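Note that the protein sequences, when read in sequence, are chains A and B. Sequential numbering of the first sequence, starting at 1, is according to full-length UniProt numbering. Sequential numbering of the second sequence, starting at 1, is according to full-length UniProt numbering.
You may find that some hints are simply not true.
Rough simulated footprint, nothing fancy, chain B against chain A, three-plus residues with beta-carbon under 8 Å [to be verified]:
hint: 1; segment: 169-177
hint: 2; segment: 246-254
hint: 3; segment: 271-277
hint: 4; segment: 384-390
hint: 5; segment: 406-418
hint: 6; segment: 433-445
In silico negatives: residues of chain A with every beta carbon more than 12 Å from chain B [what the hints assert, rightly or not]:
hint: 7; residue: TYR22
hint: 8; residue: ARG26
hint: 9; residue: PRO81
hint: 10; residue: LEU84
hint: 11; residue: LEU136
hint: 12; residue: HIS156
hint: 13; residue: PRO201
hint: 14; residue: ILE305
hint: 15; residue: GLY347
hint: 16; residue: ASN402
hint: 17; residue: GLU459
Just so you know, the hints here were simulated from the structure itself, not pulled from any lab data. The structure presented is a predicted model; accordingly, all values stated were derived computationally and were not measured. Even for Gly, the Cβ is constructed at its ideal location relative to N, Cα and C.
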Amino acid sequence: MQTTDLLPLVLVLAAVAYGFAYMRSRAVAGPLGGIRNLKALPVYYAARAALWCAIPALIILGVWAAFEGKVIQDMVMASLPAELAPQSEGHASLTLSQISNVAAGKLDSARVPDGITGAATLLQELREKSSQFKTLLVILIAVLGGAFAWTRVAPHINARKSVERTLQRVFFLCAAVAILTTIGIVFSVIFETFRFFGKVPISEFLFGTSWSPQTALRADQVGSDGAFGVIPLFTGTLMISAIALSIAVPVGLLSAVYLSEYASRPVRAVVKPLLEMLAGVPTVVYGFFAALTVAPFIRDLAVAIGLEASSQSALAAGLVMGIMIIPFVSSLSDDVINAVPRTLRDGSLAMGATQSETMKNVIFPAALPGIMGGILLAASRAIGETMIVVMAAGLAANLTANPLDSVTTVTVQIVTLLTGDQEFDSAKTLAAFALGMMLFIVTLLLNVIALKVVRKYREQYD
Amino acid sequence: MTDSGSQAELVRRSLKRRYRKERRFRFYGITAIAIALFSLVILFTDIVSKGYTGFIKTTVTLEVPLDGELMYLTDATDPDQIAMADFQAPIIKALQAYFPTATSRSDKRELSRMTGSYASNQVRDLLEKQPDLLGTTRTMEFLAHDAVSVYVKHAGDPGYSIRLTEQQQRWTDELLDKGVIDTSFNDVFFSRGDSREPSNAGILGALVGSLLTMGITLVIAFPVGVAAAVYLEEFAPSNRITDFIEVNINNLAAVPSIIFGLLGLAVFIGVFGLPRSVPVVGGLVLALMTLPTIIISSRAAIKSVPPSIREAAEGIGASKMQVVLHHVFPLAMPGMLTGSIIGMAQALGETAPLLLIGMVAFIVEVPDGFFSSATVLPVQIFIWAGSAEQGFVELASAGIMVLLAFLITMNALAIWLRKRLERRW
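Bound-form chain A, shown alone:
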């Protein structure tokens, strides 16, 4: 049976165990004079049986499903005769897909070498065996677990405590998923990054001024298959983010100020959700807008006033990204402005200052650290934004300061390097992970600093 079928089966078994244990606990309690004389309510005996039935079986199932494919793959590859044994990883994946296509009947077995056909039969066999064995094992463990808990339905055992302890542990594990995710992210980028730096020296990567991972222009070129200098990507990312922030910060901040200080209640009730709608629009929609509407418009405009412009410009991507970040900045600054104590504002107004003077001279300086934190968060968002730049900024790694030129960013390169043909050991693919690592570190630093600043600021007025 497949994993997707086994999962509901285990749940059904757990429900059965629940029912049986429930009935047994009532049966046990009967002669004693009712469930009052049990250490726990019948539902707890039942819940314990369900947990004993489901949890071990699910763990086995999860582990099996996670490693089944990989183990079978390795066994099949190891079975290949020497002359078919793959030379490189790229070759290996090709052979593997050939084998699985033959096994699935998509490829005629007469058209491939005998070794492949043999491997395909082996693959089929192993898959069947693994599936049978998995089904048996999971059902066995589920039944055994349920049966064990069933025998332990006794008046002197406090099932509630063990159920609650188990639940609490499960809750803890769920919370620990956050840690696991972070660890997973770090490990998934770190190995490939180190392998990358084994091929391309780190100084070349950090300080090189040319980026062309695709082409091998000359044999004596760095790394002999393309140049991996990250500077053009950095300048591109920075330029687009700077354009975005120079739109989003003033617009977002001023609208937050207006909404919190001047706007009447009905205006606020209408405008705020509208602004938040901008935040809910998917990034691919912004990308579409930037690539098909804003970029051509900017190009035509530039050509009309006699400037040279490429059809994919940093300006278009930056402008649209700025629009996307407006609600982010405005809602953060709204929070921060509202956190400034009422007394400061009242004091200033009582001294005869106008509202704008109060805003500029009292509230704004008081809220500045919080606003800075918000801007840092917005910057990290702009740096990590992918779809808008993939669709509108272009691929050419130009080292330029002209916003009408096409530039490329770190995220664009990650996407392009990983969506084409894939060989896991080429410097090209590994470079994507190195870029991912840089992106992760930079955004992490920005976030940590920003959260610290904001928290410190909040504590100041709490």
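Here the structure of chain A is known, so what remains is to put chain B in place on it, guided by the hints.
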């Protein structure tokens, strides 16, 4: 006395300037809001104006003579003959009924490019299914060729007629007048997967893919997120581990989504050997991505349950777990649901991480399970937006409208839930 008098004078004289500044400041605020709202309006009108034509299909209805001689076909039950026969010929013949002068080789070629390239398959399928129709004349409805379709939908715009010859344009206009070429609601768009030909491409494949992916995301992210929130709010001791978990959640909430794509590629595909471009991997990645959102909003919902409820339950002897599961949890449920729906809406619109795990492939079939290759709505929009043919742009914006409709529905549902179910204490 004179001193304070001159001070008052000073203030009075500066008042005009200060009020002017005040008005200017207020004007800046209004301008900022106007810019933001204006962008919103432009964005939506742009998408609607580009995309409404995506919901329209152009059809050609013809009296097709299923003449065996024309198709080099004597017996429609013979698969060899079916394989060799020319099914384009009767369509051209049917069109020639309207344009008897179009008989030259190049004219015929132009006529064959009035209907889409699946038109001849349509004739073949009909004959394969009902071989006895050979020799009769049938009224058949074909999808128009993309160039024709685009020309009809954007009548009068020269940018959209470049792929038709002048003769074809004349023919199209004439057939339009006669009602042979007609436009109607594009049911193809909602009933098919992707295609190389815009008029034949649909969004159903991506919709089903999104549904499957979101199913996985919901099944994982909601229980795990809620359980994590319950743990952190109710059970977590204040120690290093708890602090570390909290720091991690806050940081994960701000990690760029593309990083989660790298995680999915390296861990789920690389280590666990799950296949590429399947909803399971997409759902797992999106679940990890939405977890922080769900945890944070669920914690806020739990926090808003007043302590009196807890104390009352504890007072009559409930255990900590009973207090949480029987009292706090049900009361916090609406808030948790609201947060989860908003998190799911985010996940539904997410594109970047899915590109890295291969959900960007060209897939024609509608996916039929969690382990079949699929793409999702936003990725389909991305693919169409990057296609060169004019017809795909309108499909991309039509797809965006469908996506936005889903998002608006989900958000409206969240707001309704909050208003309807959330109790104010």
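We went through each hint and held it up to the structure:
As drawn, the segment 169-177 of chain A meets chain B at 7 residues by the rule of a beta-carbon pair under 8 Å; at three or more, the given contact holds. For the segment 246-254 of chain A, the assignment as covered by chain B holds, since 5 residues bring a beta-carbon within under 8 Å of that chain's beta-carbons and 3 suffice. Beta-carbon proximity to chain B at under 8 Å applies to 4 residues in the segment 271-277 of chain A; the threshold of 3 is reached and the given coverage holds. Using a Cβ-Cβ cut-off of 8 Å, 5 residues of the segment 384-390 of chain A lie near chain B, which meets the minimum of three, so the contact claim holds.
Residues of the segment 406-418 of chain A with a Cβ under 8 Å from some Cβ of chain B number 4, which satisfies the need for three, so the listed coverage holds. Check result for the segment 433-445 of chain A against chain B: holds, 6 residues qualifying (beta carbon to beta carbon below 8 Å, three or more required). No Cβ of chain B comes within 12 Å of the Cβ of TYR22(A); the nearest lies about 18 Å off, and the non-interface call holds. The beta carbon of ARG26(A) is kept farther than 12 Å from every beta carbon of chain B, the shortest such distance being approximately 20 Å.
Listed as outside the interface, PRO81(A) is consistent with that label: its C-beta sits roughly 23 Å from the nearest C-beta of chain B, beyond the 12 Å cut-off. With a least CB separation of 21 Å from chain B, LEU84(A) remains clear of the 12 Å interface cut-off, as annotated. Non-interface call for LEU136(A) relative to chain B: holds, since the shortest CB-CB distance, roughly 22 Å, exceeds 12 Å. For HIS156(A), the requirement that its beta carbon stay farther than 12 Å from each beta carbon of chain B is met, with the minimum near 19 Å.
Every beta carbon of chain B lies more than 12 Å from that of PRO201(A), the smallest distance being close to 23 Å; the non-interface claim holds. Its beta-carbon lying about 21 Å from the closest one in chain B, ILE305(A) satisfies the requirement of being farther than 12 Å from that chain. For GLY347(A), the non-interface assignment is confirmed: its Cβ lies about 18 Å from the closest Cβ of chain B, beyond the 12 Å cut-off. Consistency note on ASN402(A): stated as away from chain B, and its beta-carbon is indeed over 12 Å from all of that chain's, at 24 Å minimum.
At roughly 16 Å from the closest C-beta of chain B, the C-beta of GLU459(A) stays outside 12 Å, upholding its exclusion from the interface.
Taken one by one, the earlier hints all hold for this structure without exception.
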